[in-house]
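Q: Protein chains in written order, with my numbering: chain U, 1 to 226; chain Z, 1001 to 1037.
Label pairs and their computed distance ranges (CB to CB):
id: 1; chain 1: Z; residue 1: Gly1023; chain 2: U; residue 2: Asp109; range: 36 to 42 angstroms
id: 2; chain 1: Z; residue 1: Lys1027; chain 2: U; residue 2: Ile171; range: 37 to 43 angstroms
id: 3; chain 1: U; residue 1: Ser17; chain 2: Z; residue 2: Lys1002; range: 21 to 27 angstroms
Here chain U is said to cover these stretches of chain Z; the calculated rule only asks that three of the stretch's residues, wherever they fall, bring their Cβ under 8 angstroms from a Cβ of chain U:
id: 4; stretch: 1002 to 1012
id: 5; stretch: 1015 to 1025
Listed below are the simulated DSS-like cross-link pairs for lysine-lysine, each with C-alpha atoms no more than 25 angstroms apart in a straight line:
id: 6; chain 1: Z; residue 1: Lys1036; chain 2: U; residue 2: Lys71
id: 7; chain 1: Z; residue 1: Lys1027; chain 2: U; residue 2: Lys71
id: 8; chain 1: Z; residue 1: Lys1037; chain 2: Z; residue 2: Lys1027
id: 9; chain 1: U; residue 1: Lys99; chain 2: Z; residue 2: Lys1002
id: 10; chain 1: U; residue 1: Lys71; chain 2: U; residue 2: Lys2
id: 11; chain 1: Z; residue 1: Lys1027; chain 2: U; residue 2: Lys2
id: 12; chain 1: U; residue 1: Lys4; chain 2: U; residue 2: Lys71
id: 13; chain 1: U; residue 1: Lys4; chain 2: Z; residue 2: Lys1027
Because the hints were derived from the structure by calculation, they are not lab data. We put the beta carbon where it would ideally sit given N, CA and C, even for glycine.
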Amino acid sequence: MKNKTTIFAVLTLALLSWGLYQGLEVAPTESTMGDVQRIFYYHFGSAMTAFACFFANFIASLVYLARRDGKSDAVAAASAEVGVVFCTTVLIQGMLWAKPVWGIWWTWDARLTTTLVMWLIYISYLVLRRFSTSGQAPLMAAVLAVFGFVDVPLVYVSNRIFRTQHPQPVIGGGEGSGLDPSMWPPVLWNWLAFTCFALLLIALRYQLERARQRLDEQTVEGAAAR
Amino acid sequence: MKFLYAAYILTWVVHIGYLLSLGQRVKRLREEFEEKK
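Work out the full structure: start from the sequences and follow the hints.
A: What follows is the structure in structure tokens.
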């Protein structure tokens, strides 16, 4: 198991390096924005990865509500935490792109606002897990995750159903949207690299959560034996 | 170019910070297991 994780970590590192090279060197310079457009290669990959993590959290929470087992709770905790990390980078990258292109760090358009709300929902999910002293914390967290997930598809479709300052969708955005074909390889490589990196982080965080659950069980058993 | 580099660098600051926090939590958990023994 440890060997497989190490091999996967090395592969992920290679993919991340390749993605970085693709984004900074191989991708063509965009004609109107210039080099700052290259932020997009990290931004898109990170955003899609964050969506995938929150979807995993949603599924794991549903499974937990049905089965009440430690494994699904650990998957839910791990995927939410990694999703928040990726969502944080999405917000940072977006602001650093917006300042030189729009002249402002932030605007309250539908895409940006729903993304910020999504980030806050999952921050509150993690705070609930961390600070709740009730034994019902995993159950409450699972319920919050199921309802909180409503915002995730809303973020995805926000620039399709509302007029936003945020650029039009890259995938399925209709006429006038999309990417130059030469920009797709850096997009896809970085997306793949961040997906592998997220899987690695979720695996590590999952093991940590399972160990924490075992420790808590031992503590309860020890107290019952006394 | 400074915004581009800032975005790439800050992305990795966040990810490496998270990895370090995971390492700290693993260390703390190991200590708790040791205490239990």
